[in-house]
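Novice: Here is how the chains run, residue by residue.
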Amino acid sequence: MKLLCAVKRVVDYNVKIRVKADGSGVETANVKMSMNPFDEIAVEEAVRLKEAGKATEIVVVTVGPTSAQETLRTALAMGADRAILVQTDAEVQPLAVAKILKALAEKEQPQAVLLGKQAIDDDSNQTGQMLAALLGWPQGTFASKVVPGDGALTVTREIDGGLETVELKLPAVVTTDLRLNEPRYASLPNIMKAKKKPLETVTADSLGVDVTPRLTTLKVAEPPSRKAGVKVPDVAALVDRLKNEAKVI
Amino acid sequence: MTYTAPLRDIRFTLEEVAGIGAVAALPGYEEATEELRDSILDEAAKIAGEVLAPLNRVGDTQGAKWVDGNVTTPEGWSDAWNTLVEGGWNGLPFDAQWGGMGLPNVLNTAVQEMWHAANMAFALNPMLTQGAVNALQQFASDELKQTYLPRMVSGEWTGTMNLTEPQAGSDLAAIRSKAEPVGDGSYKVFGQKIFITYGDHDLTDNIVHLVLARLPDAPAGVKGISLFVVPKFLVNADGSIGARNDVSCVSLEHKLGIHASPTAVLSFGDQGGALGWLVGEPHNGLAYMFVMMNHARQSVGLQGLSIAERAYQQALSYARDRVQGTPAGWKGEGRTPIVNHPDVRRLLMGMKARIEAMRGILYTAAAAHDVRHHHADAEARAKAAVLEELLTPIAKGWSTEMGQDIASVGVQVHGGMGFIEETGAAQHLRDARITTIYEGTTAIQANDLVNRKLLRDKGAALTAYLAEVSRHAEELTASADANLQVLGRELALAAARTGEAAAWILANAGSPALAAGAAVPLLHAMGLVAGGHYLAIGARAALKRLAEGAADDGFLAAKPVTARFYAEHLLGQVEGYRSAVVNGTATVMALDDAQL
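Taken in order, these protein sequences are the chains called X and W.
Each residue of the first sequence is one higher than the last, beginning at 0 in numbering that gives the first Met the number 0.
Each residue of the second sequence is one higher than the last, beginning at 0 in numbering that gives the first Met the number 0.
Just so you know, not all the hints are guaranteed correct.
Here are the simulated lysine-lysine pairs, DSBU-like style, with alpha carbons at most 30 Å apart [what the hints assert, rightly or not]:
1) X:53 / X:196
2) X:168 / X:53
3) X:31 / W:543
4) W:330 / X:226
5) W:457 / X:194
6) W:254 / W:351
7) W:330 / W:351
8) X:49 / X:195
9) W:382 / X:31
10) X:53 / X:106
11) X:246 / X:226
12) X:192 / X:31
13) W:64 / W:222
14) W:45 / X:144
15) W:330 / X:15
16) W:45 / X:19
17) W:457 / X:15
18) W:45 / X:49
19) X:246 / X:49
20) X:1 / X:144
21) W:45 / X:31
22) X:19 / W:330
23) X:106 / X:15
24) X:196 / W:330
25) X:1 / X:53
26) W:45 / X:192
27) X:226 / X:53
28) W:543 / X:15
29) W:457 / W:382
30) X:144 / X:196
31) W:144 / X:192
32) W:351 / X:19
33) X:49 / X:168
34) W:351 / X:15
35) W:45 / X:195
36) W:351 / W:177
37) W:144 / X:19
38) W:457 / W:351
39) X:106 / X:194
40) W:254 / W:64
Hints in this document: simulated from the structure, not taken from any laboratory.
Please model the entire structure based on the sequences and the hints provided.
Specialist: Take a look at the structure:
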């Protein structure tokens with residue numbers, strides 16, 4: 000089984016996000032970047048499937064600037080076999096990424112595409128679903144367990160009411176949730192080997208995809224700071240404020 | 000309190016101060032490209048922050064435990080050790096022949112800095128294992144290397160150094176442990192060793208002790224000490240683990256700090272003799288041990304830096320968070336975080352400036368080690384050897400004295416909360432306290448500086464170093480930048496005053512007691528000057544990057560200001576140390592013992 004993993008380079012989860020002064024986005028200059036943690040889980044799952052003898056090859060792909068190569072090298076150090084950078088300096092939105100991944104899936108012919116359920120920067124939670132729709136493949140989103148079977152994957156999904164188990168006929172798209180696994184630390188020998196693994200750079204144009212954004216960002220702002228608490232004289236006043244002010248009861 | 004590896008300053012110091020680019024260009028280090036170095040530092044930072052740092056407090060409260068002769072490490076220690084072994088981290092600087100990665104020592108130093116800062120009690124184990132590998136790699140027979148090195152490089156087995164005995168601390172001439180030849184090439188080792196770091200533990204299948212002992216025909220004193228490999232478990236011919244050797248952990252010490260690091264009393268030969276194998280030539284053990292020790296000295300200096308960095312991060316975070324009072328002239332509304340109080344700021348600046356200075360000294364010494372062993376040109380190798388040897392006692396002595404002080408300042412920033420154990424600032428102070436003692440006290444480092452580095456070559460190396468600093472200071476003074484000008488003037492003065500102190504010691508070389516009394520003040524002066532020198536190199540590099548249009552969020556711009564603070568607030572102390580040497584040395588021994 001050949002696997003395609005999609006990863007995104009995002010601001011590291013430890014970094015305190017700062018909004019640009021002009022409200023056009025978040026500050027990324029001199030900010031530590033790393034692989035989207037949900038995508039890391041997707042790569043880890045792929046590597047485990049390969050180690051278990053269920054997967055034969057792992058191709059990892061990202062869409063972004065030249066510096067996104069670092070993120071691909073991280074995936075290679077974790078155990079992916081080769082990497083593709085779809086290079087662009089433009090803003091790419093989920094639909095464009097899904098179209099790029101569709102084009103690559105058609106070219107690479109993987110049996111499954113694994114990717115994080117969402118990226119921690121824009122929290123869109125759309126790419127996997129759009130990709131499945133564009134390809135016409137079954138999808139297993141928010142996966143917390145993936146078991147390969149005969150021509151199928153059994154995926155346990157994290158849903159509001161609990162867990163739902165679905166069986167997907169291959170080829171399929173799986174988006175990964177936090178509880179699926181705990182990604183490994185890349186070993187030193189694998190970090191060194193990763194440098195020698197093939198990394199191919201292509202453009203969106205060469206894949207025939209137009210990445211022009213369909214959405215316009217109007218404003219990016221810090222969340223409002225929390226207001227100080229107040230003391231109420233009695234229970235009746237508390238109930239009144241919960242009901243009429245906070246509107247929670 | 001967490002630890003976030005200061006990757007930007009680590010990278011900056013590696014590149015701009017220690018010159019890792021030039022190291023990576025040396026034969027044998029071709030693989031260490033910037034991209035690879037970045038990936039390695041990133042991953043090490045992750046492990047330090049996510050695996051080792053959370054165990055620091057656990058280790059302090061649980062400590063290592065001795066029960067019926069067996070030593071157990073705190074919860075989580077074993078998994079953390081396995082993370083390092085599985086990741087191949089112990090082998091970073093070693094030859095591929097033994098399973099290592101063959102990467103530069105200076106890169107290993109940056110990784111070790113993160114281990115020590117995250118969890119010093121834990122990091123002692125890989126540190127000593129690497130030191131033992133160094134000694135065996137250089138001096139042991141091929142057979143011993145084949146038996147032990149691959150598994151010590153991987154970290155499957157760990158290494159220890161056994162020098163101290165109850166009557167032989169700093170005075171190794173007093174060692175009594177003995178080794179008797181068995182006749183088949185092995186020896187029976189008898190004796191008791193104390194203060195053996197990670198002398199016993201439950202992390203690995205075997206522990207390889209490097210033990211100093213005397214052969215039956217050994218001359219008295221330091222010229223009669225040999226070095227032996229004594230494994231905890233004997234190793235069968237096929238490499239499998241055999242019978243338990245006659246070495247046992249009699250007890251663990253109860254210590255002020257580094258509670259999780261088992262400090263063992265080891266007894267060799269209670270049941271007829273522990274089997275050991277000679278490393279190198281008979282009676283030459285101390286020289287071999289010094290190879291391990293010089294590595295260990297730089298590593299302990301690194302602990303001084305690491306614990307200072309950890310204490311600084313914690314103090315800074317507290318100072319930004321703790322709201323208390325309003326400083327004089329405060330224009331803002333309400334009360335303010337204490338980071339805005341001028342004296343808290345002065346404390347934090349003193350921490351930051353010295354941390355960056357130490358990083359400069361330590362990384363430069365580590366890079367000199369690489370050049371010394373890898374440069375194609377003999378003259379360049381010799382020059383690097385002189386620099387490394389000069390910087391080693393400074394790196395160890397000064398950085399640990401500063402580390403200890405900075406950990407104490409860290410408590411001060413916290414106020415009363417710092418004195419409470421739950422806050423965590425106190426642990427750094429307790430942990431730091433050992434660093435000025437083990438692997439040679441500050442006085443021993445200072446004696447090394449005076450006797451081996453100053454008097455032996457009649458001041459050549461030290462004078463040349465100070466001349467380079469003075470030349471550099473002149474360039475700074477002549478620069479267009481106001482911060483650099485201040486730095487240049489203060490650095491020139493400090494170098495001149497240190498030169499006067501050194502000249503006084505040289506002039507009084509005939510009275511060794513005088514030199515010994517003046518040694519520690521000279522060490523402090525040299526530390527301050529060297530630190531200022533490397534801060535200045537960093538400040539210039541930062542200004543150059545800014546002039547070239549580098550994007551900056553304040554990191555680069557802070558460099559010249561930090562260096563200026565160091566010049567104004569710290570370099571002036573050199574005058575006091577000069578005075579202590581030149582005017583005050585005779586007074587050190589002026590009182591009769593009975594008058595004390």
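Novice: Each of the hints needs a verdict: does it hold here or not?
Specialist: Hint check results:
1. Proximity of residue 53 of chain X to residue 196 of chain X is assessed by CA-CA distance (about 21 Å); at most 30 Å being required, the pair is judged to hold.
2. Restraint check: the Cα-Cα separation between residue 168 of chain X and residue 53 of chain X comes to about 15 Å, which is no more than 30 Å; the hinted pair holds.
3. Distance hint between residue 31 of chain X and residue 543 of chain W is fulfilled; the C-alpha atoms sit about 23 Å from each other, no more than 30 Å.
4. A threshold of 30 Å between alpha carbons decides the hint, and for residue 330 of chain W with residue 226 of chain X the separation of about 23 Å falls inside it, so the pair holds.
5. Distance check on the hinted pair: residue 457 of chain W and residue 194 of chain X sit about 49 Å apart at the alpha-carbon level, beyond 30 Å; violated.
6. Restraint check for residue 254 of chain W and residue 351 of chain W: the C-alpha separation of about 29 Å stays at or below 30 Å, so the hint holds.
7. A C-alpha spacing of about 26 Å is found between residue 330 of chain W and residue 351 of chain W, which places the hinted pair at or below 30 Å, so the restraint holds.
8. With a C-alpha separation of about 19 Å, the suggested pair residue 49 of chain X and residue 195 of chain X falls inside the 30 Å cut-off, and the hint holds.
9. Distance check on the hinted pair: residue 382 of chain W and residue 31 of chain X sit about 37 Å apart at the alpha-carbon level, beyond 30 Å; violated.
10. Distance restraint check for residue 53 of chain X and residue 106 of chain X: the Cα-Cα separation of roughly 21 Å lies within the 30 Å cut-off, and the hinted pair is therefore satisfied.
11. Our distance criterion of 30 Å between C-alpha atoms is met by residue 246 of chain X and residue 226 of chain X, whose separation comes to about 17 Å.
12. Note on residue 192 of chain X and residue 31 of chain X: the hinted pairing holds, with a Cα-Cα distance of about 23 Å set against a maximum of 30 Å.
13. This hinted pair does not check out: residue 64 of chain W and residue 222 of chain W have alpha carbons roughly 37 Å apart, beyond 30 Å.
14. Annotation: proposed proximity of residue 45 of chain W to residue 144 of chain X holds, straight-line Cα distance about 25 Å (limit 30 Å).
15. With a C-alpha separation of about 27 Å, the suggested pairing of residue 330 of chain W with residue 15 of chain X holds against the 30 Å cut-off.
16. A distance of roughly 27 Å separates the Cα atoms of residue 45 of chain W and residue 19 of chain X; the hinted pair therefore holds under the 30 Å criterion.
17. Of the supplied pair hints, the one linking residue 457 of chain W and residue 15 of chain X is violated, its CA atoms being roughly 54 Å apart against a limit of 30 Å.
18. Between residue 45 of chain W and residue 49 of chain X the CA atoms are separated by roughly 24 Å; this keeps the pair inside 30 Å, and the hint holds.
19. For a cut-off of 30 Å, the pair hint linking residue 246 of chain X to residue 49 of chain X is broken: about 52 Å separates their Cα positions.
20. Between the alpha carbons of residue 1 of chain X and residue 144 of chain X the distance comes to roughly 19 Å, so the proposed pair stays at or under 30 Å and holds.
21. Restraint check for residue 45 of chain W and residue 31 of chain X: satisfied, since their Cα atoms lie roughly 12 Å apart, inside the 30 Å limit.
22. Pair hint residue 19 of chain X plus residue 330 of chain W holds up; C-alpha atoms about 26 Å apart against a cutoff of 30 Å.
23. In summary, the hint linking residue 106 of chain X to residue 15 of chain X is not supported, as the alpha carbons are separated by about 39 Å, beyond the 30 Å threshold.
24. A hinted pair counts as satisfied when its Cα atoms are at most 30 Å apart, and residue 196 of chain X with residue 330 of chain W does not qualify at roughly 58 Å.
25. Only pairs whose Cα atoms come within 30 Å are accepted, and residue 1 of chain X paired with residue 53 of chain X is accepted, the gap being roughly 9 Å.
26. For the suggested pair residue 45 of chain W and residue 192 of chain X, the alpha carbons sit about 19 Å apart, so the restraint of at most 30 Å is met.
27. For a cut-off of 30 Å, the pair hint linking residue 226 of chain X to residue 53 of chain X is broken: about 53 Å separates their Cα positions.
28. Straight-line distance between C-alpha atoms of residue 543 of chain W and residue 15 of chain X comes to about 28 Å, which keeps the hinted pair within the 30 Å bound.
29. Restraint check for residue 457 of chain W and residue 382 of chain W: satisfied, since their Cα atoms lie roughly 17 Å apart, inside the 30 Å limit.
30. For the given pair, residue 144 of chain X sits about 29 Å from residue 196 of chain X by alpha-carbon distance, which is consistent with the 30 Å threshold.
31. Only pairs whose Cα atoms come within 30 Å are accepted, and residue 144 of chain W paired with residue 192 of chain X is accepted, the gap being roughly 26 Å.
32. Distance restraint check for residue 351 of chain W and residue 19 of chain X: the Cα-Cα separation of roughly 28 Å lies within the 30 Å cut-off, and the hinted pair is therefore satisfied.
33. Note on residue 49 of chain X and residue 168 of chain X: the hinted pairing holds, with a Cα-Cα distance of about 19 Å set against a maximum of 30 Å.
34. Taking the CA atoms of residue 351 of chain W and residue 15 of chain X, the gap is about 21 Å. The hint holds against a cut of 30 Å.
35. Restraint check for residue 45 of chain W and residue 195 of chain X: satisfied, since their Cα atoms lie roughly 23 Å apart, inside the 30 Å limit.
36. Our distance criterion of 30 Å between C-alpha atoms is broken by residue 351 of chain W and residue 177 of chain W, whose separation comes to about 48 Å.
37. For the hint linking residue 144 of chain W to residue 19 of chain X, the alpha-carbon distance of about 57 Å lies beyond 30 Å, and the restraint is violated.
38. Proposed proximity of residue 457 of chain W and residue 351 of chain W is contradicted: the alpha carbons are some 35 Å apart, above 30 Å.
39. Restraint check for residue 106 of chain X and residue 194 of chain X: the C-alpha separation of about 24 Å stays at or below 30 Å, so the hint holds.
40. A C-alpha spacing of about 12 Å is found between residue 254 of chain W and residue 64 of chain W, which places the hinted pair at or below 30 Å, so the restraint holds.
Of the numbered hints given earlier, the model fails hints 5, 9, 13, 17, 19, 23, 24, 27, 36, 37, 38; all others are met.
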